[in-house]
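> The lines below spell out each chain.
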Amino acid sequence: MNMENIIEVNELRKYFPIKSNFFRNTIGHVKAVDGISFSIKRGTTMGLVGESGCGKSTVGRTLLRLIERTDGDVYMDGQDIFALSKEELRKMRPRMQIIFQDPYSSLSPRLPVGEIIGEAVREHKIVPTEEFDDYISRVMRACGLQDYHKDRYPHEFSGGQRQRICIARALALNPDFIVCDEPVSALDVSIQAQIINLLKSLQDQFGLSYLFISHDLSVVEHISDTVGVMYLGAMVEYSDTDSLFEKPLHPYTKALFSAIPMPDPDYKMERVILEGSIPSPADPPCGCKFHTRCRECMEICKDTIPEYREVEKGHYCACHLYNETKTDPALQKEAKKA
Amino acid sequence: MAKFLTKRILLSILILFFVMFIIYVLMYSLPSSYIENTARNLSQKPGTQKSAAQWIAELNAQYGMDKGVIGGFMTWMKFAVRGEFGESWYWTTAVTAKFNDVIWYSFTLAFVAFILEIVIAVPLGVIAARKQYSGVDYTVTVIALIGISLPTFFVATILKMIFAVKLGWLDISGMQGRYFLQLSSWGKFIDLAKHFIMPALTLVIISIGSLMRYTRTNMLEVLNADYIRTARAKGLPEKRVISYHAFRNTLIPLITILGASLPTLFGGALITETLFSITGIGFTSYTSMINGDIPFTMFYLAFSSVLVLVGNLIADILYAVADPRVRVN
Numbered sequence: 001m002n003m004e005n006i007i008e009v010n011e012l013r014k015y016f017p018i019k020s021n022f023f024r025n026t027i028g029h030v031k032a033v034d035g036i037s038f039s040i041k042r043g044t045t046m047g048l049v050g051e052s053g054c055g056k057s058t059v060g061r062t063l064l065r066l067i068e069r070t071d072g073d074v075y076m077d078g079q080d081i082f083a084l085s086k087e088e089l090r091k092m093r094p095r096m097q098i099i100f101q102d103p104y105s106s107l108s109p110r111l112p113v114g115e116i117i118g119e120a121v122r123e124h125k126i127v128p129t130e131e132f133d134d135y136i137s138r139v140m141r142a143c144g145l146q147d148y149h150k151d152r153y154p155h156e157f158s159g160g161q162r163q164r165i166c167i168a169r170a171l172a173l174n175p176d177f178i179v180c181d182e183p184v185s186a187l188d189v190s191i192q193a194q195i196i197n198l199l200k201s202l203q204d205q206f207g208l209s210y211l212f213i214s215h216d217l218s219v220v221e222h223i224s225d226t227v228g229v230m231y232l233g234a235m236v237e238y239s240d241t242d243s244l245f246e247k248p249l250h251p252y253t254k255a256l257f258s259a260i261p262m263p264d265p266d267y268k269m270e271r272v273i274l275e276g277s278i279p280s281p282a283d284p285p286c287g288c289k290f291h292t293r294c295r296e297c298m299e300i301c302k303d304t305i306p307e308y309r310e311v312e313k314g315h316y317c318a319c320h321l322y323n324e325t326k327t328d329p330a331l332q333k334e335a336k337k338a
Numbered sequence: 339m340a341k342f343l344t345k346r347i348l349l350s351i352l353i354l355f356f357v358m359f360i361i362y363v364l365m366y367s368l369p370s371s372y373i374e375n376t377a378r379n380l381s382q383k384p385g386t387q388k389s390a391a392q393w394i395a396e397l398n399a400q401y402g403m404d405k406g407v408i409g410g411f412m413t414w415m416k417f418a419v420r421g422e423f424g425e426s427w428y429w430t431t432a433v434t435a436k437f438n439d440v441i442w443y444s445f446t447l448a449f450v451a452f453i454l455e456i457v458i459a460v461p462l463g464v465i466a467a468r469k470q471y472s473g474v475d476y477t478v479t480v481i482a483l484i485g486i487s488l489p490t491f492f493v494a495t496i497l498k499m500i501f502a503v504k505l506g507w508l509d510i511s512g513m514q515g516r517y518f519l520q521l522s523s524w525g526k527f528i529d530l531a532k533h534f535i536m537p538a539l540t541l542v543i544i545s546i547g548s549l550m551r552y553t554r555t556n557m558l559e560v561l562n563a564d565y566i567r568t569a570r571a572k573g574l575p576e577k578r579v580i581s582y583h584a585f586r587n588t589l590i591p592l593i594t595i596l597g598a599s600l601p602t603l604f605g606g607a608l609i610t611e612t613l614f615s616i617t618g619i620g621f622t623s624y625t626s627m628i629n630g631d632i633p634f635t636m637f638y639l640a641f642s643s644v645l646v647l648v649g650n651l652i653a654d655i656l657y658a659v660a661d662p663r664v665r666v667n
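Going line by line, the protein sequences match chains A and B. Read in our numbering, the first sequence has 104 at position 104, and its numbers run on one by one without any break. To get our numbering, take the position in the second sequence, counting from 1, and add 338.
Please keep in mind that the hints were generated in silico from the structure rather than gathered at the bench. Certain hints may be false.
Claimed, not checked - Using 20 Å as the maximum straight-line C-alpha spacing, the simulated SDA-like pairs for lysine to any residue come out as follows: (1) K91/A to P575/B; (2) K150/A to F132/A; (3) K469/B to R24/A; (4) K91/A to E576/B; (5) K19/A to K469/B.
As the list claims (entries may be wrong) - Which chain A residues face chain B? A few, computed with CB under 8 Å, are given here: (6) S57; (7) I98; (8) S108; (9) E119.
Each residue gets a CB set at the ideal place from its N, CA and C atoms; glycine is no exception.
Just chain A, same shape as in the assembly:
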């Protein structure tokens, strides 16, 4: 356990049962998250990117234990999240917060903003009662909201302001770690920049750590210190932001990056077009999960799961292309069993 890390995730798995319509017995599993490991250093931001449906949001929610895991461990500050009782977990909640994608549906329509932000502050006694009002005002101002917004209801605000409310709500609990689950995807580009900058300045001010989930690579590049790339419930590449964007290793990452639009009309983009659509996570391809769409697919990819290993210093990748030893498939299968 490295005390530098605020979050450590170890082989986390989350399978959702598929129920038959009538008798509701389980007929299969959607492997939304299938064995993911990573850690986040205190005060840094990790970006998590991938296509829709690759399990990014499930990672965010499972590691806060908003949904129960199937297997694996999550440690926050050395504390095993899944070992906590319901009550202990509830006490722990303020320290780990989440900002959801949709600022329209994630605020209760029936509560005034002051109550949305302050309710849990009172519940967890973050500040003494006499400082409560003052504290809420301070948090709201830090997030670019005004005092008189307190008595208004969420429907009176624009999308960007609502997302500020969501951020203020999370921030008011004095968290160490915040999962930002696509916090800007629902917003206009101009508002996106405001929110991203707000998140960054709050990070500097309060020493927060973020897990920033997004499918927008430019945003992730801007805000993250490290980035993980997910495909079909598994991490395919992980590195610090600079080296990942300079030299992506995994064919999937390359394809993703080739899709980043360039703000230069003369720039000829070399697009890597992925063929087909993302396979069903209920029945993922065997071997490397990406082999059905990979341009550089080899024989070995079809039956052997590539090892997720450190290819360069601090740069992890799960791809046979970077497997110098080209492990014998039979051996690897045995290793997996063990």
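Chain A is fixed; fit chain B onto it per the hints.
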């Protein structure tokens, strides 16, 4: 809000006028005419000199039915706005007096059933939603379905068999026991209450299912909302998430449907009242209608229409109280 209310009330008055007109036309054209029946009876009396046709003409004049549909309606309206509803043809007393005699039986019955229905159905719906697809959910659903599906007379008969015949705890029908007049006032109250147990139970059983299903559906919708996840992520106790965040949002549709059903409290329960020999408004108005008693029916239906309109108005106001988004607009 004042503007909204004024608009709604004025609109309601207009609607009421046309509703009453349609009802008058329908009553006027009913084949079971009270006047024709009376005329036929009178013309068959020994010693009468007039034929049925002559009697009809005379009675029409007497009862003010010789002015045609529009004229008749206008006359009725003229008196109705002054609060004069005339005398019932069939019951031969003032319409309002007869109404006052019977309404409170119906109201008491419906009110008790209404309260019981809410107290039982809403919590069951919430529990079923919280434990969706569990044994509890299925049990509640099946019981609700049984309640919805069974006809009133069947439920009433089964209740009678259990409580009156087998157990002998309650009288099989009627509103008063055999020794009612000899009882003290407290005893009279208990006696009356006992006679209302089975009718109320019948009403509750047949109506509980839909309200419970309605609560469950709405609660499920709210429980899956993002802001419930937010509330959980805030680390609020589950009890508060359910009662404060989820249930409050379920209240809007519930209030709307309950507010709109308030008038039915006065509407009477025709079948149940008949089965248990309770001379409430349902039974009385039905008798009036089949006998072509225009004054009583007009009064009763006018009253019901006002209640429906008031019910909707109340629902709108409550809706605004419960939902800040409606309040502002």
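> If a hint holds in the structure, say so; if it does not, say that too.
Verification of the hints:
1. Between K91/A and P575/B the alpha-carbon distance is near 10 Å, which keeps this suggested pair within the 20 Å criterion.
2. Between the alpha carbons of K150/A and F132/A the distance comes to roughly 13 Å, so the proposed pair stays at or under 20 Å and holds.
3. Taking the CA atoms of K469/B and R24/A, the gap is about 15 Å. The hint holds against a cut of 20 Å.
4. Straight-line distance between C-alpha atoms of K91/A and E576/B comes to about 12 Å, which keeps the hinted pair within the 20 Å bound.
5. Distance hint between K19/A and K469/B is fulfilled; the C-alpha atoms sit about 16 Å from each other, no more than 20 Å.
6. Using the Cβ-Cβ criterion of 8 Å, the hint placing S57/A at the interface with chain B is not satisfied: the shortest such distance is roughly 11 Å.
7. Interface restraint check: I98/A against chain B, minimum CB-CB distance 5 Å, threshold 8 Å, status holds.
8. The closest approach between the C-beta of S108/A and any C-beta of chain B is roughly 4 Å, which is under the 8 Å cut-off, so the hint is satisfied.
9. Restraint check, E119/A versus chain B: the minimum CB separation of about 7 Å is within 8 Å; hint holds.
When each numbered hint is compared with the structure, a violation occurs for hint 6 only.
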